[in-house]
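Peer 1: One letter stands for each residue in the lines below.
Number of protein chains: 4
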Amino acid sequence: MIRAKVVGAGGYGGVGITELLTQHPEAEVGALVDVENVGSAISDLYPHLKGFCDQTIISPDQVEGSFDVVFMATPDGVGMKLAPAELANGTKVIDYSGDFRFNTPESYAAYATRIGLNPEHANPQLLPQSVYGVAELHRVDINADKQIVGNPGCFAVSCILGLSPAASKQLVQTDSIICDCKTGVSGAGKTPHAVFHYPARYDHMNAYKLAGHQHVCEIERELGLQAGSELQITFTSQVVPLCRGIMSTLYGTLKEDLSEAEVLEIYQDAYANDAFVRVFNSVAAVGSTHVRGTNYCNLVVSVDERTRRLRIVSYIDNLVKGQAGSALQNMNLLFGLEETTGLNRPGMYP
Amino acid sequence: MIRAKVVGAGGYGGVGITELLTQHPEAEVGALVDVENVGSAISDLYPHLKGFCDQTIISPDQVEGSFDVVFMATPDGVGMKLAPAELANGTKVIDYSGDFRFNTPESYAAYATRIGLNPEHANPQLLPQSVYGVAELHRVDINADKQIVGNPGCFAVSCILGLSPAASKQLVQTDSIICDCKTGVSGAGKTPHAVFHYPARYDHMNAYKLAGHQHVCEIERELGLQAGSELQITFTSQVVPLCRGIMSTLYGTLKEDLSEAEVLEIYQDAYANDAFVRVFNSVAAVGSTHVRGTNYCNLVVSVDERTRRLRIVSYIDNLVKGQAGSALQNMNLLFGLEETTGLNRPGMYP
Amino acid sequence: MIRAKVVGAGGYGGVGITELLTQHPEAEVGALVDVENVGSAISDLYPHLKGFCDQTIISPDQVEGSFDVVFMATPDGVGMKLAPAELANGTKVIDYSGDFRFNTPESYAAYATRIGLNPEHANPQLLPQSVYGVAELHRVDINADKQIVGNPGCFAVSCILGLSPAASKQLVQTDSIICDCKTGVSGAGKTPHAVFHYPARYDHMNAYKLAGHQHVCEIERELGLQAGSELQITFTSQVVPLCRGIMSTLYGTLKEDLSEAEVLEIYQDAYANDAFVRVFNSVAAVGSTHVRGTNYCNLVVSVDERTRRLRIVSYIDNLVKGQAGSALQNMNLLFGLEETTGLNRPGMYP
Amino acid sequence: MIRAKVVGAGGYGGVGITELLTQHPEAEVGALVDVENVGSAISDLYPHLKGFCDQTIISPDQVEGSFDVVFMATPDGVGMKLAPAELANGTKVIDYSGDFRFNTPESYAAYATRIGLNPEHANPQLLPQSVYGVAELHRVDINADKQIVGNPGCFAVSCILGLSPAASKQLVQTDSIICDCKTGVSGAGKTPHAVFHYPARYDHMNAYKLAGHQHVCEIERELGLQAGSELQITFTSQVVPLCRGIMSTLYGTLKEDLSEAEVLEIYQDAYANDAFVRVFNSVAAVGSTHVRGTNYCNLVVSVDERTRRLRIVSYIDNLVKGQAGSALQNMNLLFGLEETTGLNRPGMYP
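Residue numbers (this note's numbering), protein chains in the order written: chain A, 2 to 351; chain B, 2 to 351; chain C, 2 to 351; chain D, 2 to 351.
The set of hints was computed from the structure by calculation and includes no laboratory data. Heads up, a few of these hints could be off.
[What the hints assert, rightly or not] Simulated pairs of lysine-lysine, BS3-like, Cα-Cα distance not exceeding 25 Å: (1) Lys-256/D <-> Lys-256/A; (2) Lys-82/C <-> Lys-191/C; (3) Lys-51/D <-> Lys-210/B; (4) Lys-191/D <-> Lys-210/D; (5) Lys-82/D <-> Lys-191/D; (6) Lys-51/D <-> Lys-147/D; (7) Lys-210/C <-> Lys-191/C; (8) Lys-210/A <-> Lys-147/C; (9) Lys-210/B <-> Lys-191/B; (10) Lys-210/A <-> Lys-191/A; (11) Lys-191/B <-> Lys-191/D; (12) Lys-51/B <-> Lys-191/B; (13) Lys-191/A <-> Lys-51/A; (14) Lys-51/C <-> Lys-51/A; (15) Lys-51/C <-> Lys-170/C; (16) Lys-210/D <-> Lys-191/B; (17) Lys-51/B <-> Lys-210/D; (18) Lys-191/C <-> Lys-51/C; (19) Lys-170/A <-> Lys-256/A; (20) Lys-82/D <-> Lys-147/D; (21) Lys-191/D <-> Lys-210/B; (22) Lys-256/C <-> Lys-256/B; (23) Lys-170/B <-> Lys-256/B; (24) Lys-191/A <-> Lys-210/C; (25) Lys-82/C <-> Lys-170/C; (26) Lys-210/A <-> Lys-51/C; (27) Lys-170/D <-> Lys-256/D; (28) Lys-191/C <-> Lys-191/A.
The following block holds chain A by itself, in its conformation from the complex (with noise of 0.2 Å):
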């Protein structure tokens, strides 16, 4: 059995691949470590846990033993300190931060510098180390040579999951990428708020950071890598009142003409071996519920032909595809499992 812990346990982060490592047949939690309610237990805090992980959340100096892998489930600048002694210790490192989304400190530092934290990496001999785990993209990099993976932001899965074949493909022009990006509540994590506070959201919905979401660096990295060139996106995240789930509506100008059809096929190859993937028409009768649970994500190719544009609409839940579960995907072939243990399941409805 792989013998996961995970830190910043008590959080939305924390609880939700607790909730998978429970289902999973070759893994289990170890240890689960916050600095907040250390000395409850889990399903104290999480009562629909009770029965499936009674463990007691411990500060983490009373961590003991050995474990295979360490979720990192803590917000930028925690998993870039205690990575290090994890990996001394032969833990490997999933980190759900930007902390290790960026494999040089140019490439750190510009990150950081964009969204107003310290350009210095704790510790910059890591990075090169670190693979950015979007599974699909990367897949063959994410191995059991490998200790350290930056798990992606959820706005970031969904937006590059979509525009991913146009980039590669050269579909459309770099300079016209819109990814206008809405998500459920509970992409704010578990602290309470006044903004997230359920009779100011109730019936509300609204843009936010308009000057800048901490997403947009990990997209433009990803797609340009795709694309074969730099770009810049614009970027714009909203707030809509349910408690999972992102729809991103993704849109480029196509620099040839092609039909729906076109590049409907060209989507279907592109994610043909990808489990968690699902492309779609433009008539197809989807949406978020239709992932809410699971690791799916799901695509609509559409192409407004009058005004020669591609869009594409991402669904993902934003705590599995979009942070839990992509973590355990990355796990899965950081240990050399198929893929899909442990997620394969299809949500429910309604």
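Following the hints, complete the assembly by docking chains B, C and D onto the known chain A.
Peer 2: Below, chains B, C and D without anything else, positioned relative to chain A:
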């Protein structure tokens, strides 16, 4: 493998059991039958099933082959007509409606009359063979020798599990029982209706069927069995604006002064061997989300000592423990499997 | 014009009365006072007020000028300290908290003790002057000669209006009353908290404060006054996932066999002269949406003849009839205006 | 008093204007006409209207008396047939559908063809008399001499108000405009449908009508008029799970480098005299709740300088500014009243 047929496959009850069967290690979907959507793949109707179950919905006269069990996810009056042919083929019947919840023509007639149906059962000779499918109370009777289970109503499950220990231990005055029940909107099923139209239901809660709900008969029968005497309850059904979940707040006047701690112990003892019932004290922070997507029933025990009144708050997912989950639990029992097979999952949060 | 000061202006209770005052033909906002957000325009905090009220929130020591009335939209313990200075300036006091809902030091102490507050009132000499602000019951006493109104609790309004005719006509056994109350989340106020965080509340309903809610005292007092004898109730507070609205389902065992038609007539007579109470029979399709944004209380009368139990379903908007609307209704009475002034609006649907 | 007739009174568009008329000081409901629910009091269908409007819904052939104005709250194809008789009686016509949004038979035919309707208008001779009812752009033309107003589509109002200054000032490249629009579910109207069934819509968001929405024509026409040249837009309609509200995120590539401050000033100037349009900078915390229940349009101005793209976020209540509120605003203009009469209210929060 247990080969299952689902009749009424396109409704919420049908898709619920189909979801569960795709995850069950010893059962499989053999046929999906309905009178609507014939010819459509179930995964076109319900895209979350794509890759999990892509079978085509067939009409009753297209069914071929043999089945070990049929789930009749159909309204009152359908299962009673179809059952003889199923039984003749050696297929066990689990019926979601009121058709097989009553064991005698007389009790069926009383039920049917109360809710305005024809009091004559189409196949009264089958009634003595049927068993009422609240496994926690009738586990011994739901066994390999039985052919028919009358799966309980959703409100009924929540009320019966909530009050059964009080009834069997004679804790409350039998004329004092009030069941104040709130359900999410999915309890109304899949068919669109003006009162369940999204804008009409948003920010809206109301009581309905104040003159009498169809689940009252079975609650009174079961609690009467437990109490050893007939009883009548006051029952209020209410809809609140969420999708899944029932919260039943159950009241009864205590015969004797009992503390909350004493009643709590009685309840914990009563359900000590029931995998799917969790008992909490009155300060536990539990609610409907903590059973969503699962087969659990969470019970909160409270005693209002000022008025000597017992109050139990009972939480279930109306579509799982209140319908398809109980049906699968009953299937497990009918086939001698571990009761929890295919149902052992924590749900997800938030 | 009646010049009003609002203390606690930044909370939901404050913004609620401010909204109403901007639409009142004979009153105006004179000052907005709070200890938080001092220096901000109320319309920056609440952008819907832009152009209607752009006054700056000031701290208590910045207040200048005189006022005809002050709305104390403040928690328990604040209004009782501030009231003497207001009264000395000739300002009438309408207090939202429990501070002035009880007329004697003894009854206040009983209330305060029950909910864990200091039993000593800061200004007990004012208690005999205060009047309880359920206008439908105490209209005659809320007049130009009065200086202090204790505005009722939101649950209390719904329960008292729902049960007052039954109590005053001695319809039910006084030890049989159960109030099963469900509120939208706005009842918890504006301050963010883990249990009212949007993702934690979405698709979630639960009972809370099972050991006792602060509104029980005033309900028992008022119903006891109507019934002519002391009584005790069982009260259950529950939160359901909507923003505004209370649905209280109220039970009592009838002393005599009365039909629904007979009770309906008693209720219609009782409220024949009350502009804000509408009485419906048990098949009327009414619910919380139909009072949202208004000062109405909708009452549904039902008799369960099988168990001889009266059941009233009482609907209000917790922030209007349950708070700011009742406060404005009381202001109208205190200043000799038509009771409905500024409150005569239908709300909107859906 | 202006005596109004409402045709299609039972739908959301009908009840919306009825609500507003009950609060209008110089207009009144003269007749409520529909082909469904004939014989029912409007306040039985919509109990919140009880005491405000209890008129009975009558069929078209039961109408008697004369009216100053008729609100055609009817789908495409109805108003165009009924209009001549109304005009002959001296009744002004405000039509909610596409019937009178186009001024020439040719432009109507282009519209009708695009959305699959008969391209021949039933009364083309009336088209030149009609005026398009976005008062902010056509205020001068909506005057006492006019008889017909084509009330705008809900998405159209939000997009046109959001982009009109950019178009008229030639700020953006005309082939770069993208309208990414999200609506609450009430935009779908009152008729129940599988995709608007509460459980199907809960926690669900999706794009729809990707092949083309009926409001695109009028947006292109109006923006083209402002820009002085024809243009085509990419338009995406999406449904998010709330009741009321539209958030349209509007994109265009700036022709020249303009700062956010410069564009903000252009927008503020453009709407300086429009009572119902508020302009905010990109860090203002505004959203759909802040216009709910009101006739306001809130516009957030943002410039993404990295990609030289203008982004406007436009918020309206789809049933007020997007329908009945604009209709009443137009009525005020047609009768020479102050434009804001009966519409001057802040809404409520939360």
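Peer 1: Tell me the numbers of any earlier hints that the structure contravenes, in ascending order.
Peer 2: The structure conflicts with hints 6, 8, 14, 15, 25, although it agrees with all the remaining ones.
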